[in-house]
Each structure stands twice: as C-alpha cells, then as structure tokens.
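Trainee: Sequence:
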Amino acid sequence: GRNLLINKLMEGDFSKVKQIKDYLKRIEGDKYLSFLPEEYDIILYWTKEYDELIKNIQERNSDYLSQLFNRIPPQKDLLTFNLKEYSVKNVNKLKKQIFASDLNQDTKEFLSIYLDKVLIDKRINPYAQDTVNEKAEVFIQKYPDSKFVPIVKGKVIYVIKSNKWTISYNLSGGYEVLTGNLSNNFTNPFLFGFSFNGNYKKIGLFVGTHTGFMKSRKSISYSSGLVDAGKDMEIYVYEISSGYNVLNTRTFKVTPFGGMGLTSIYMLSDSLECNNKSTKINLNNSTTYFLGVNFYIKLISKYWPKYNHNVSYPFIRIRYAYYLTGFENENQWMRGNMHYFTIGLGLMIKDFKQKSFNFKW
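-11 is the number of the first residue of the sequence shown in this note's numbering; add one for each residue after it.
What the hints contain is simulated information worked out from the structure, not anything from laboratory work. It should be emphasised that the depicted structure is a prediction, and the values quoted were computed from it without experimental measurement. Yeah, the Cβ is synthetic: ideal placement off N, Cα and C, and Gly gets one too. Worth double-checking, as some hints may not be accurate.
Distance condition first, Cα-Cα at most 30 angstroms in a straight line; then the derived DSS-like pairs of lysine-lysine [as the list claims (entries may be wrong)]:
#1 LYS83 <-> LYS123
#2 LYS72 <-> LYS6
#3 LYS83 <-> LYS72
#4 LYS135 <-> LYS(-4)
#5 LYS135 <-> LYS189
#6 LYS203 <-> LYS190
#7 LYS83 <-> LYS4
#8 LYS36 <-> LYS84
#9 LYS123 <-> LYS143
#10 LYS152 <-> LYS43
#11 LYS4 <-> LYS123
#12 LYS72 <-> LYS110
#13 LYS72 <-> LYS135
#14 LYS152 <-> LYS241
#15 LYS152 <-> LYS338
#16 LYS110 <-> LYS123
#17 LYS110 <-> LYS36
#18 LYS135 <-> LYS81
#19 LYS135 <-> LYS203
#20 LYS72 <-> LYS19
#21 LYS4 <-> LYS72
#22 LYS19 <-> LYS36
#23 LYS83 <-> LYS96
Label-pair ranges, simulated between beta-carbon atoms [to be verified]:
#24 ASN236 <-> GLY(-11): 48 to 58 angstroms
#25 PHE329 <-> THR275: 36 to 46 angstroms
#26 ASN(-5) <-> LYS189: 54 to 64 angstroms
#27 ASP65 <-> LEU287: 20 to 30 angstroms
#28 LYS110 <-> GLY(-11): 49 to 59 angstroms
#29 ASP65 <-> ILE128: 34 to 44 angstroms
#30 PRO302 <-> ILE60: 22 to 32 angstroms
#31 LYS19 <-> ASN113: 36 to 46 angstroms
#32 PHE329 <-> VAL76: 48 to 58 angstroms
#33 ASN233 <-> GLU122: 47 to 57 angstroms
#34 VAL234 <-> ARG323: 30 to 40 angstroms
Generate the whole structure from the sequences, applying the supplied hints.
Mentor: Next up, the structure:
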C-alpha cells in the first residue's frame, strides 16, 4: 500500500492517494503505524486536507509522541525519501495550492513555513534553516496573536545556542623580555606553552605553563657550582589567572586578566661546574604576580549559518603579560621582571542547547 501510494502521487492521481491513505489509516489499529508523522504531514499537504494537517500539528506534543513510540512503526522503505524528494521538486505547486485555498491568511502563511521546515533536510543549501528562521520571525511579528505562534516558536524555529560554560585549549610560542638584573644575567628566552581555559559567561579561569630556553650572559655562582657565560638555561612558569571578556564579537574577543604563579630558573646538567666556595642563589619557585590581556581572533567563516553560530571554533590567541618576579627576595642580583609575548592556536569547545527540535523517529 505504501509503495502504491507514492506511485499514484508521482502520477498526480491525488484522489487515489487519499483513498490509499484513508485505507491504511483505518487498518492500522492501536498497535501499528501506517505512516510516520512527517510522512503523514506531506501526504495531507498533497491531498489538501489542511484541517486534518493543522489538527495533527497542534496535537503533536510529548504525550502524542510517547504514544507513537508504543506503536510498531511501518517497515523501512523509500516512502519518506520519495515523498520528500518529490515534494521538494514540486514545492511551488504545494504552496500555490495552499494560497489558493479558503484558509485564513495567517493559516496559509503558517502552513507554507511549516512545509519548508518539514522538507528542510532535503535542501542542499546550508542556509535553509536561516531562511526558515527569518520567515518564522516575520510571521511572529506580523501575527503576534495567531494560534500558530507557539508552534512556530517551538517547532519551526531552530537555533543552536551555546551554554554558559565553555572550555578551550591553546598551544603557543613566543618571546620573553627580561628586565633589570635578570636581563644582565640571561638572554631573553624563547617560549613554548600550553593552557587550559574554562569560561562561565564573560568570566574566564586560565591554568597554564610555559617553558623558556635562554643562555647565561655571564658567570653566575650557585650553591652547587658555577655557571659560565653562554651556558644553556631554562625558565619555567606555572600560573593560574582569571579574566573578563570586555569585547566579544563574531570574529574577535578581548580578555584582560590577572593572576599569580611560580617561576623557576634551572641550569641544564652540562652547564654546572663544581664550586664549593660559591654563594647560594635560590631561583626556584619564586612567587610571581602578573597582569595582561588576551586578544582572540576567531577562525569562523563569515558564511557560517546563523542558526549554528559560534558553537565551537578554532582561534588564534595573541597574549601579552607583565610578570613581577620575586627573585630579589633571595638575591638582589636577580632583581627583575618579565614582558611576555606569545601567539598560539587553540580550540574553543562549547556545549550547546537547542532552542527548538525536530522529531525524528
């Protein structure tokens, strides 16, 4: 019966389509389904049974859907595919039938928009949902008191909105400029870093670490030895900070931040020479305070559909920070601070919620 129905539809024999549809609905009983909801909607569009169509759409709530799940669906075949394919090719004919009917104007426009929604998964155009959403918004503004407004808001409009919580990861590289005696003792290091960020609305929490590679400019005495000039050194910074988004557009985001961390400078194993008479210099785990700003460039295509806007995206992050080190508390010859410049690539991951939904069997 289902195969015969689609054959008669393609032949344009709509009276026969209605007869087959009515027969299958009569024999389905309480345990079986003759048609899936979307199939039945499209058939009613073709048979011009708009009152029945509207009734079904209005009654299609959670209780209705739960009842459907308790019934045995029709065997898998090509009816849904063929119905939608044929209807997409002849959508203008369907809409002409709607607007030529005796229905109220808001009902005609609602059925036209709802038809676009039913057929949307067969549209090749990735912006088809944007078009449906725009038509739906116009309908709501034009007919604010229409009985179809709740249906349009709940079943036609479809927007993926990000939740308040987001996370991101970032790998970066850059350069650090030392000041004061730190600059006299060491070359400016090249940096490599990693950070993990959690955000709630406009507030961000950042946890990260970066490693710098530099050389000693002159001989430096340590408790366990002497580091000659030109020896390889490493600097490690472990930090935690919080920030606030002062600007957040489709393509850019600016986040000032502040925080604290630990900074350590280490000699590589082959840089240390034994010197029992050296003076103790402690450069391990110095408490560091810092302020800075993150500038994000979102790598989002300007052609990205609006309904799925900004859920997850890659980004480039440019970061500047000024670090107040505490090395001078242990040794005045290590007094100095740091300017930090990095650029990195990251991924923003947002959980999302749907403003509305499509029923899928």
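Trainee: Look at the Cβ atoms of PHE329 and VAL76 and judge whether their distance stays inside 48 to 58 angstroms.
Mentor: holds (54 angstroms)
Trainee: Is LYS135 within 30 angstroms of LYS81, Cα to Cα?
Mentor: holds (26 angstroms)
Trainee: CB of VAL234 to CB of ARG323, is that within 30 to 40 angstroms?
Mentor: At 33 angstroms between Cβs, range holds.
Trainee: Holds or violated: are the alpha carbons of LYS36 and LYS84 at most 30 angstroms from each other?
Mentor: Measuring from Cα to Cα gives roughly 11 angstroms; hence the hint holds.
Trainee: Check the hint pairing LYS83 with LYS123 against an upper bound of 30 angstroms on the C-alpha distance.
Mentor: holds (14 angstroms)
Trainee: Against the 30 angstroms threshold, does the CA-CA distance of LYS83 and LYS72 hold or violate the hint?
Mentor: Answer holds: LYS83 to LYS72 is near 15 angstroms, not above 30 angstroms.
Trainee: Can the restraint linking LYS72 and LYS19 be considered satisfied, given a maximum Cα separation of 30 angstroms?
Mentor: holds (26 angstroms)
Trainee: Can you tell me whether the CB distance of PRO302 to ILE60 sits inside 22 to 32 angstroms?
Mentor: violated (46 angstroms)
Trainee: Given the proposed pairing of LYS83 with LYS96, does the C-alpha separation stay at or below 30 angstroms?
Mentor: holds (9 angstroms)
Trainee: Does LYS152 pair with LYS43 here, judged by a C-alpha cut-off of 30 angstroms?
Mentor: violated (37 angstroms)
Trainee: Would you mind confirming whether the straight-line C-alpha gap from LYS4 to LYS72 stays at or under 30 angstroms?
Mentor: Holds, at roughly 19 angstroms.
Trainee: For the range 47 to 57 angstroms, tell me whether the beta carbons of ASN233 and GLU122 fit it or not.
Mentor: violated (28 angstroms)
Hints 4, 5, 6, 10, 11, 19, 25, 27, 28, 30, 33 from the list above are not met by this structure, while the remaining hints are.
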